[in-house]
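Using the hints, position chain B against chain A.
2 protein chains.
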Amino acid sequence: MTIVVILIPTVGKNGKYKVNHVNVNLLNDFVLTLFNILLLKILINVFKCSVTIQTMIGNRFRIALLQLNVGADRSKNVENAVSYINKAKSGGAQIVALSECFNSPYGTKFFNDYAENVPDGPSCQALSKAAKATNLYIIGGTIPERADGKLYNTCTIWNPQGQMIAKYRKMHLFDIDIPGRITFKESDSLSAGNELVMFNIGTVKFGIGICYDMRFEELAKLYRQQQCQVLVYPGAFNMTTGPMHWELLQRSRANDNQVFVCAISPARADRGYIAWGHSQVTDPWGKVLAKAGHEEEILYSDINVSECDDARQQIPIFAQRRVDIYNTVLNK
Amino acid sequence: MTIVVILIPTVGKNGKYKVNHVNVNLLNDFVLTLFNILLLKILINVFKCSVTIQTMIGNRFRIALLQLNVGADRSKNVENAVSYINKAKSGGAQIVALSECFNSPYGTKFFNDYAENVPDGPSCQALSKAAKATNLYIIGGTIPERADGKLYNTCTIWNPQGQMIAKYRKMHLFDIDIPGRITFKESDSLSAGNELVMFNIGTVKFGIGICYDMRFEELAKLYRQQQCQVLVYPGAFNMTTGPMHWELLQRSRANDNQVFVCAISPARADRGYIAWGHSQVTDPWGKVLAKAGHEEEILYSDINVSECDDARQQIPIFAQRRVDIYNTVLNK
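Chains as they are written, first to last, in full-length UniProt numbering: chain A, 1 to 332; chain B, 1 to 332.
So that you can see chain A by itself, here it is in the shape it has in the complex (with noise of 0.2 Å):
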């Protein structure tokens, strides 16, 4: 862990360069020693320089799952999300974290009509705007993206300076026959997406997948082999899958990987599709860190990756892999 000090020079009235101004990107799990103050009191009081300190998510970071009503009117789901961003912020959060189909209700007949396009639809510039006046990270949930001519499950993610810094298309489609229970089929208006999606934030690697991937291993397997150690799934399960799975399904997920795991549900509504709320962090040793309700609320949790470590030196499951016999291997 370091301070990044980046000093501005501007040319002094005797023709040469003077330092005025100094810029200090401090990581966040950095504290500063007493050397490190002296050492910033000399720059201010003696060279007469300005400072600016700006804090870099290092290990340590605040995250605020947002478990939010979602109703038919999409300036008002946009709008609320919004508004609980800026809550977010006041609560201490760095990263915030939407749910699937944050925008618009669930269920193949709304994703057409709530479709957008990405990053210039109304959606992405909210959230595009409200990164940047808060100056907060957003993993902005999933919206129904259209492009070329077809209809996808898509996560962005944004960064402070409200720019779209990776995008993420839902690669496991929805399609399940529970008889009696729960009959979906997303492929009816979605297509798939192709791509595992890796993304930093400071010095912390995120992996991104949308609720029924969590289900499938080789995903996560993947994302760990390429040292992520946040995995995070905006979700929508529903009453019959959800108490039955999505708690296991992420604590299998984290135990195995090793890793944190965030999984972002909308508050279970009344009527339509009902989801089963309950948003959840996980830490890498498979026990859940916080757990929200089933009603509109911001769930905080203060993750700390350097856990990832600990877990992975103590049971150090992933060097013991036996891939001289096996191995999970991407395709493409």
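Please keep in mind that the hints were generated in silico from the structure rather than gathered at the bench. No residue lacks a Cβ here, since even glycine has one placed at the ideal position from N, Cα and C. Check the hints yourself; a few may be wrong.
Said to hold, decoys possible - Listed below are several chain A residues computed to face chain B (Cβ distance under 7 Å; list not exhaustive):
#, residue
1, ASN25
2, HIS172
3, ILE178
4, ILE182
5, GLU218
6, ILE274
7, ILE317
8, ARG322
What follows is chain B alone, placed relative to chain A:
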């Protein structure tokens, strides 16, 4: 499901072939209909045949997990196992399964002293005899095996004729270091096996792993690729990893692969290596069907493997894997 009828002909007094004995191999989940009963009555009363009805294991069977005390005396350990196999027979079991190291204390310093040849050693021969005497299948937990100057942690499987039908050597050795809690290095004295092992009992396909193998999702996935319906893990988790991961790992393997998982622990001792106990059966939905306490006991479970078909049909994750993008592959 069918009845297999074997007609055993002999030569009659007139020099012609005559059927005077009929073997009926009945799958245990097949219910005799009135028509079948009538047919048998005709064979017996009209054609004067003798009839033997044998039960084969079909979709439904009762398994007994023997969670036993294990001490320093090998003969006593084996005698106790045989006595519990007899009890399990009385309890209606068709298959019995023993724990890891059922004949030996668990510890690297013991393996050499307790090791024996497979299948000629005394522990194996006792299992062979017990299988024949009780007409049961025995999944013989594990014993330290001596072969080619090396030691292995080995599971043997026996049919009701007393023949060894399969042998599996632990593939992932238990080398972990959780400071102040548990440090263990199985590879100090054991060599690792290099083969997946599957076998059929009646119409049911089993795959075998041992204890720490449970942590490696690829092994289970490869068994699933080979159509296994039941995975059996003799194990001996300890008082640190037991409460953390014993139940979770089994539920993960079961749910991700839509298989039954049976894991058999020794009973909890009061000194030496203290096993967690809590032998467990988990169904293909990841639900715990049966779970033992931590003392010596028989855990019975009635398994219906057609539930694998239900789970696989309703949530068809295996077919929905994106093998165009990734796969779990066997290298040898």
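The hints, checked one at a time:
no.: 1; hint: ASN25; verdict: violated, 34 Å
no.: 2; hint: HIS172; verdict: holds, 6 Å
no.: 3; hint: ILE178; verdict: holds, 5 Å
no.: 4; hint: ILE182; verdict: violated, 9 Å
no.: 5; hint: GLU218; verdict: holds, 5 Å
no.: 6; hint: ILE274; verdict: violated, 18 Å
no.: 7; hint: ILE317; verdict: holds, 5 Å
no.: 8; hint: ARG322; verdict: holds, 6 Å
Checked against the numbered hints above, the structure breaks hints 1, 4, 6 and satisfies the rest.
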